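Colleague: Residue numbers (the numbering used here), protein chains in the order written: chain A, 12 to 248; chain B, 2 to 231.
If you're looking for bench data, these hints aren't it; they were derived computationally from the structure. Small disclaimer: the values here were computed from a predicted structure and weren't measured. Even for Gly, the Cβ is constructed at its ideal location relative to N, Cα and C. A few of these clues could be false.
Residues from chain A that keep clear of chain B, each with C-beta distances beyond 12 Å, as calculated [unchecked claim]:
hint, residue
1, S27
2, G114
3, A118
4, F165
Okay, the calculated bits of chain A under chain B, using three or more residues with CB under 8 Å as the criterion [stated by the list, open to error]:
hint, region
5, 79 to 92
6, 95 to 105
7, 140 to 148
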Amino acid sequence: MHAGMSDLPIHIDQASVRAGDVTILDGVSLAIAPGKPTILVGPNGSGKSTLIRLCMGLIEASSGRITWGGRNNQGERCAMVFQRPVMLRRTAAANIDFVLASGSRSARDERIAQLLKQVGLERLRDRPARRLSGGEQQRLALARALALNPDVLFLDEPTASLDPAATKAVEDIIRSTSDAGIKIVMATHDLGQARRLAGDIAFLVRGKLTEYSTSEAFFTSPATPQAAAFLRGDLVL
Amino acid sequence: MSEGANAFDLIFSGEAKLYSIVALSLYVSVCAVALAAFVGFPLGAFLALSRFPGRSVLVVTMNAFMGLPPVVVGLVVFLLLSRSGPLGHWGILFTPRAMIIAQALLVLPIIVALSRQTIEDLWEEYRDELNAMRVGPVRCVVTLLWDGRFSLMTTLLAGFGRASAEVGTVILVGGNIDGFTRTMTTAIALETSKGDLPLAMGLGVVLITIVLAINAMAWGVRRVGELRAG
Numbered sequence: 012m013h014a015g016m017s018d019l020p021i022h023i024d025q026a027s028v029r030a031g032d033v034t035i036l037d038g039v040s041l042a043i044a045p046g047k048p049t050i051l052v053g054p055n056g057s058g059k060s061t062l063i064r065l066c067m068g069l070i071e072a073s074s075g076r077i078t079w080g081g082r083n084n085q086g087e088r089c090a091m092v093f094q095r096p097v098m099l100r101r102t103a104a105a106n107i108d109f110v111l112a113s114g115s116r117s118a119r120d121e122r123i124a125q126l127l128k129q130v131g132l133e134r135l136r137d138r139p140a141r142r143l144s145g146g147e148q149q150r151l152a153l154a155r156a157l158a159l160n161p162d163v164l165f166l167d168e169p170t171a172s173l174d175p176a177a178t179k180a181v182e183d184i185i186r187s188t189s190d191a192g193i194k195i196v197m198a199t200h201d202l203g204q205a206r207r208l209a210g211d212i213a214f215l216v217r218g219k220l221t222e223y224s225t226s227e228a229f230f231t232s233p234a235t236p237q238a239a240a241f242l243r244g245d246l247v248l
Numbered sequence: 002m003s004e005g006a007n008a009f010d011l012i013f014s015g016e017a018k019l020y021s022i023v024a025l026s027l028y029v030s031v032c033a034v035a036l037a038a039f040v041g042f043p044l045g046a047f048l049a050l051s052r053f054p055g056r057s058v059l060v061v062t063m064n065a066f067m068g069l070p071p072v073v074v075g076l077v078v079f080l081l082l083s084r085s086g087p088l089g090h091w092g093i094l095f096t097p098r099a100m101i102i103a104q105a106l107l108v109l110p111i112i113v114a115l116s117r118q119t120i121e122d123l124w125e126e127y128r129d130e131l132n133a134m135r136v137g138p139v140r141c142v143v144t145l146l147w148d149g150r151f152s153l154m155t156t157l158l159a160g161f162g163r164a165s166a167e168v169g170t171v172i173l174v175g176g177n178i179d180g181f182t183r184t185m186t187t188a189i190a191l192e193t194s195k196g197d198l199p200l201a202m203g204l205g206v207v208l209i210t211i212v213l214a215i216n217a218m219a220w221g222v223r224r225v226g227e228l229r230a231g
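Modelling step: build the complete structure from the supplied sequences, incorporating the hints.
Modeller: Have a look at this one:
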């Protein structure tokens with residue numbers, strides 16, 4: 012589908028991230044392969060966002076190793092949407108155009124129109140991006156990320172501050188993106204959302220990958236007491 | 002009061018002498034700010050985004066130089082451009098070009114210091130997003146300058162305010178030559194000392210009006226821009 016080498020699978024091998032004396036990620040090993048969405052769950056401060064940033068190459072591991080498609084260097088097949096995406100000070104269409112590196116004006120306009128339609132923002136094409144609602148901004152951030160033609164799309168709590176209607180709109184886009192063959196890796200602390208979207212679940216507590224299993228196995232028969240407690244709604248510290 | 006009334010008579014009389022002084026003042030100040038911006042914005046962005054030994058010293062120096070005494074700048078430029086100075090062969094002392102260079106040097110620290118702060122703040126907000134989009138360093142700078150354009154416009158206005166209100170530097174390097182290097186501020190100083198208060202007052206009123214008009218225009222552009230770009 013894309014030119015160039017794929018960034019999948021992503022292999023994380025005994026990766027740790029430390030900031031001073033604080034260990035944020037502690038010897039995490041995980042393989043992210045093509046397929047259904049991988050959802051990172053865990054309490055606040057468990058290292059979900061750090062793991063995503065590590066996979067995106069935004070931070071470096073203090074120890075351990077990470078490879079993308081068997082290479083030590085990350086390619087250009089990863090994209091990310093943040094919890095609070097930064098909208099560039101221009102229109103919605105221009106925000107997408109910003110990441111469309113090449114192509115004729117008409118080809119780019121066509122791609123912009125297609126992406127805006129995909130996220131349901133075609134009528135807001137010329138609206139300043141910063142004047143869109145939170146849900147609209149999140150959908151525009153998804154369109155902007157998809158404009159990079161990624162193999163893998165990282166989402167860091169993309170619906171954390173959205174109402175149910177906006178959350179549903181974002182989840183629908185995530186589902187259709189996954190169906191189109193793009194690997195989704197998403198951090199969330201919303202168990203309902205994890206249940207709705209996940210193919211497999213990585214459960215983190217205090218920087219450690221405590222459990223990694225299929226969604227069905229995780230929700231029906233969690234293998235660790237921490238996961239069972241988390242699913243019951245107990246406080247997992 | 003009679004000086005004030007005479008000043009307005011002078012402004013509306015269409016006197017060529019007055020308008021040539023106003024035109025030269027605007028030309029010198031606008032060119033100086035443009036020159037300072039051309040150098041200062043990239044330099045401010047570089048200081049905002051890079052980390053190297055001595056950067057803090059440079060940042061503090063630029064901040065301190067916002068209050069650079071104009072006569073000192075004038076003296077340095079005078080020595081550089083005087084016949085026996087290292088740039089004396091340019092032969093531009095006591096010309097508008099010398100005045101532009103001197104004013105640009107005066108405005109440069111303001112542009113560098115304020116744009117560095119603006120871009121550094123914006124970079125804090127944009128860094129992860131631009132890195133995630135794999136944007137290269139040059140494009141990062143261009144993006145930050147563009148997205149910070151409304152704040153940077155205020156930086157330009159601060160620079161223009163400094164340039165247009167300046168007397169000491171342009172007297173030293175321009176010589177206040179009638180019809181050639183006489184600006185509004187130098188003319189006000191001269192006419193006041195000569196006792197020609199109507200002309201001095203008239204020039205003062207024109208100077209304040211121009212500064213107000215330019216600021217109003219910039220405010221309007223900023224409002225329209227913010228409405229259109231968010």
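Colleague: Which numbered hints does this structure break?
Modeller: Of the numbered hints, just 4 does not hold.
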